[in-house]
Amino acid sequence: MKVLVCVRSDLPAPMARVDNIQRLMEEWSAEWAGVLEPSCRSALQLAKDLSGPSGGFTALSYGRGECRAALEVARAYGAVDAVHLQSAEGSLRHDGNTIARALAAWVGERSFDVVVCGNSSGVGPVPALVAGHLGWPVVTRVDGFKKFLPQDDSFRAIELTQRLDAGWKRQVLARYPVVLSVQSGFIPPQYVSVRRRKEAVHGLASNVTECELPVWTDGHAPAVLQALTPPKPRTKRTAVPDAKSSAADRLKSLMGPAATKKVEKPKEDEGPRVVEGSAVELAEELLRFLRKKEFLSNS
Amino acid sequence: MSFDGAIVEPTVLVLADKSAGDWSTVTLELLGDAELLANKVGWTVKVMVFAAPGAVRDEDARKLAAHGAKEVHVWEHEKFGPVLVPAQYTHTLRSYLDESMPRLILCPSTPLWVEGVAAAVAPYGALVASDCVSVKLNVRSDLELVRNYWNQKTHATWTFSGQRPWVVCLHPGVAGVGRPNPALSAPVERHQAIVLEENVETLEWFPPHPSRLDLVEAERVVAGGRGIGGPEGFAELTQLAELLHAAVGASRVAVDLGWIPYSRQVGQTGKTVRPRLYMAFGISGASQHLDGMRDAETVVAVNLDKEAAIFSVAELGLVGDARAVIEELVRLLKPSERAEGARAGAAAALSNV
Ligand SMILES: Cc1cc2nc3c(=O)[nH]c(=O)nc-3n(C[C@H](O)[C@H](O)[C@H](O)COP(=O)(O)OP(=O)(O)OC[C@H]3O[C@@H](n4cnc5c(N)ncnc54)[C@H](O)[C@@H]3O)c2cc1C
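As you go down the protein sequences, you meet chains L and B in turn. Be aware that the first sequence starts at 0, since it is given in numbering that gives the first Met the number 0, and climbs by one per residue. Be aware that the second sequence starts at 0, since it is given in numbering that gives the first Met the number 0, and climbs by one per residue.
Treat the hints loosely; a few may be bogus.
In silico SDA-like links for lysine to any residue, alpha-carbon gap of 20 angstroms or less [as the list claims (entries may be wrong)]:
| # | chain 1 | residue 1 | chain 2 | residue 2 |
| --- | --- | --- | --- | --- |
| 1 | L | K1 | L | A156 |
| 2 | L | K145 | B | W204 |
| 3 | L | K231 | B | S133 |
| 4 | B | K135 | B | G175 |
| 5 | B | K78 | L | Q170 |
If you want the footprint, here are the derived chain B segments under chain L, 3+ residues with CB under 8 angstroms [as the list claims (entries may be wrong)]:
| # | stretch |
| --- | --- |
| 6 | 123-132 |
| 7 | 144-158 |
| 8 | 309-320 |
None of these hints come from the bench; they were simulated from the model. From the three backbone atoms N, C-alpha and C, an ideal C-beta is built for every residue, glycine too.
Bound-form chain B, shown alone:
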C-alpha cells in the first residue's frame, strides 16, 4: 500500500464529522478552506462521511454542497454511531485512498480524528500537520500552513511540497463558517463500509457526565462560586451542564468550602480553560479566577452585584440570583430543548479539543 509516486488526483478530500447529530462547525470551516484552495488551482472538493445507515439524509448532504462540496461520499456502518472511534474508519479510509489518492486531505484537529487519519495515511508516506490555523497554496503551488506550536506559544509556518499526499488537520473554531449558497448541489454516493477492529476490541462504553468531562478540553464550561450557595447549588449546576453538554467548573472558594472537588477549580491555582462558552454563576471575578478563564471565547455571568468584576470580561451580564436563574434555565431547557441542546453540545464538544 505504500505510496510510490502513484497518481495523486487533483482533489481535496474533506473528512466530515456528523457524529453528534448535525455537521460540526469545523466541518463547515474545512469546507470553506477547501473551496478556496480548490478554486485557486481547479481541484475538486470531495467529502467523505462515516455514518450509521440513514444518519446522513440527502438534505444533510445538500448543506455540504451549499458550503462547497462537489461530491459527497457517505460510508455507512451500524458501528458508526454517536461516538467517534478512529480505528473503525481506518480500513475504509485506506481502501478509499488505495483507489483514489487526493492531493490534500482536510480533517478536524481533534485527538480522535488526528489519530485515525494519521494512522491511516502513514503507510502512504503522507505529510501530516495537526493543530493548523490556516492553509493556502503559495505561488509555486506548495502548501503553506500555519500551525500552533509549542503549547500555542508560537505559530509555525511550514511548507509541504513534492508529490506525496498532504494532510492538514484544522483547529476548530479558527476559520469561521462562510455564507452557504443553497443553490448548489452535489451528487451523493452511498457505500457500505467495512469495519476491521482486530486488535483493539471495545469491551464496555461509559457515557459522558458533566463531572467527568475534562475541563481543559470542554468546549463549554458552566462554573459556580460562593454565590450558588452550597453543594445543592452545584447539583443544579450539574443538571444545567448536562443539558448544555458542558463541563462543571468552580471558583476556589467553592472548592475550599468543600462543595466540589479541586479537580474542578478554574484559575491561577486550578485549571486554565479556553472554552467557546464560559458561564459563571455567583463568581465575583477575582483576578486569580480570571487568570484561568480569560481566554474563553464567550463569557456569560450571573451575579447579584452589578459591580462584580466578572462583568468586565462578560459579553452578557445578568444581575440576579444565580440559583433562581439556574433553576429557570433547567426548566426551560428540559422539556423541549433537552435533546436539541445536548445534541448541539455533543456536536460542539466532538469538534473541540
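Excised from the complex, chain L in its bound form:
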C-alpha cells in the first residue's frame, strides 16, 4: 500500500503571538525554527501503522523553510521519501483552498492508496477539500486503525474507527484510494529517540524532493488575507433583553432581530452569586440556573 502523509510545521507555543505570526507570514528566516504541528505527529503514527514494518511512506510538506522541521520528524518516524511542495507566488502558506488544490494536483499525478493529514482543530477543511478535488472518499477524525482486508485488485480496503459527534463512534470499511485525517492525541504517537531524530536531520539534507508548482489560476479571484489581529469577541445577538442592561439597550434589543448587545464578563466587583441551602434546595437552584441559561429545556 502506498501511503502519503501531509505534515506541516508550527511555531513553538510560546512564540505563537500575533506579531510573530504576522512576521512569519510575511517572510521566513532561519530564526523560525518550526516544530511539528501536533496533529501531524498523530498523522505520522497512522501512516507508519498503515505502511507496516516493512513498508515505508512518503511525507510531504509545503511552504518555506519552516517545513523542514516537519520533514525531519517525518524521516525520524520512517518516511522513506520527503517532498517539499512550494509555489512560485508563495500562496501555499496561507489559504487552505489553494493548499488543497495544490495537494490534490500533486497527488492526482501519482498513485497513492491513502493520504493521511493532520487536522488540529478538526474543522480544517483541507483534507476534505483534497478528497473532493480528487473524487476520493474521506474519513476524518480517525481514532484507530483496525486491520487491512485481504487484498485483491477488485476490493482493497481498511477498517478504521472514526469519532463522530456527541461521543458517538463508528467502525468503517474504507476503500482505497481514501483521504484520512486525524486530530492530535487520538492515534497516540510513539516516542522517537533523539538518535533517530539526529540521523533524520543529517539524512534530510540530500533527500528532499523539491517540487515547484506552477502558479495556479482558474480565472477566479483567490481568497485574500487582509489582516491579522488579536482575537476579539464578536458582538453577540440576544433574544431577550438583559435585565441588567440600560433602558436604551433593552429598547434597542426589543426593537428588532438585528439589535445586539456586547458580551460582557460579570464585573469583578459583582462577584459570583453564592447560594446556601439544603442539598434539595441547591439542586433545584442549579436546575433553575441551567434552564435559564438554556442548558435544559423549560418544559
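Dock chain B with the ligand against chain L, hints included.
Chain B with the ligand alone, transformed into the frame defined by chain L:
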C-alpha cells in the same frame, strides 16, 4: 460538475442541524447572519435540512422561518438519524448544487459539517472558510470574513470575491441567537434524499459514554475533585454527566488518588477545556486547575467551603455537600428530564467542537 462560471443564484443556503432533536443553536445563529447579509443585497435565505422522515414537522420549519428562513427544503432519508455522518448527505448536496448554486453557503463549523460540505463543494471550485467568527459584505459586495487562526491565537480577516460560490462555516456560540418573529412563515418542500456511500461503509456503531466523550471538545463538562470523596463519587458524577450529556473531568488530586484516569485531568498539567458549561464539584479552584478551565463560558461550583477559590470564577456558587447535590440532581433529572436533558445536550454537543 465543475463550476465554470455557471449562473450563481442570489441566495444564501443555510445548512441546518436538527440531528439531536431540536435545531442546534448554531443553526439559529447562522440564520441570523444569513438574514442580515440577505437583507443588505436582496438575496433569499433558503434552508436545507437532512433528516429522518417525519423528523422535521411543519412547526419546526416555522421556527426557522421565525429566524429568517424564506424557504425550507427538507431532504429525508431513513439513514439521516441522530448521528451526523457527512458522507451520507454529500450526494444530495451535490445534486442540489447542480440544480441551483447559491451565492453563499453557511454551515456550522464543526468537524463533521466541515468535512461533508468541503468534500461536496470542492469540485465546484468553491472558496471555503471554516472556524469563522463573523461574516459581512463590504462596499464592493465582496465577502469579508473573520476567522480564528493559528490555534485561536489570532483572528484573520479574509475577503472572498469573484463569481465562484462561497462557503462559510461559523464557529458555534459566537454570533448569538436573535429574537424570533413568529409572524413570519416559509414554504416547506420535502424531497427524498439519495444516500450513496459506496466507498465508506459503516460496520458498527458505538454509542456515547461520558467517560469517552472527549474533554477538549465537550460542550459541557462536569468535574470532580477531592471533595466528592472517592471513586463512588465519580460513579455518581458519571451518571449526572450522562443525564446532561457532559464529559467527566477531574482535578489533579482526584487523578493522583487513582479515582479517575489522567486523561480526565483538567488543568495546567492536564487538559485545557473551553466548554459552554463547566460544573465543578468539590474542587478548591487552585490556580493550576483554573488554568485549564478559565475560558469556560459558564462555571457552576459546589463546595462546602464558602471561601473556596473556585467561587471567584463561578457564575453560580452553591455551598453544600457535593455528593448530596449530585445525588439530588440525578434524582431530579432522571424521571422527567432525562430524555430532554440528553437531547438538549446532544444538540449542543453536535453543534460544538
Ligand atoms: C506544577 C503543578 C501542576 C499542577 N497541575 C494541576 C492540574 O493540571 N490540574 C489540577 O487540578 N491541579 C493541578 N495541580 C494541583 C493543584 O495545585 C491542586 O492541588 C489541586 O487542583 C487540588 O485539587 P482539589 O481541588 O480536588 O483538592 P483540594 O485542594 O484538596 O480541594 C478539595 C475541595 O473540596 C472541598 N470539599 C471537601 N469536601 C467536600 C464536600 N463533601 N462537598 C463539597 N466540597 C467539598 C474543599 O472545601 C476543597 O475546596 C498542580 C500543582 C502543581 C504544583
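Against the structure, the hints come out as follows:
1. K1(L) x A156(L): holds (13 angstroms)
2. K145(L) x W204(B): Holds, at roughly 15 angstroms.
3. K231(L) x S133(B): holds (11 angstroms)
4. K135(B) x G175(B): holds (16 angstroms)
5. K78(B) x Q170(L): Cα-Cα ~16 angstroms, so holds.
6. 123-132: Satisfied; 7 residues make the cut.
7. 144-158: With 13 residues in contact (Cβ-Cβ under 8 angstroms with chain L), the coverage given for the stretch 144-158 of chain B holds.
8. 309-320: holds (count 11)
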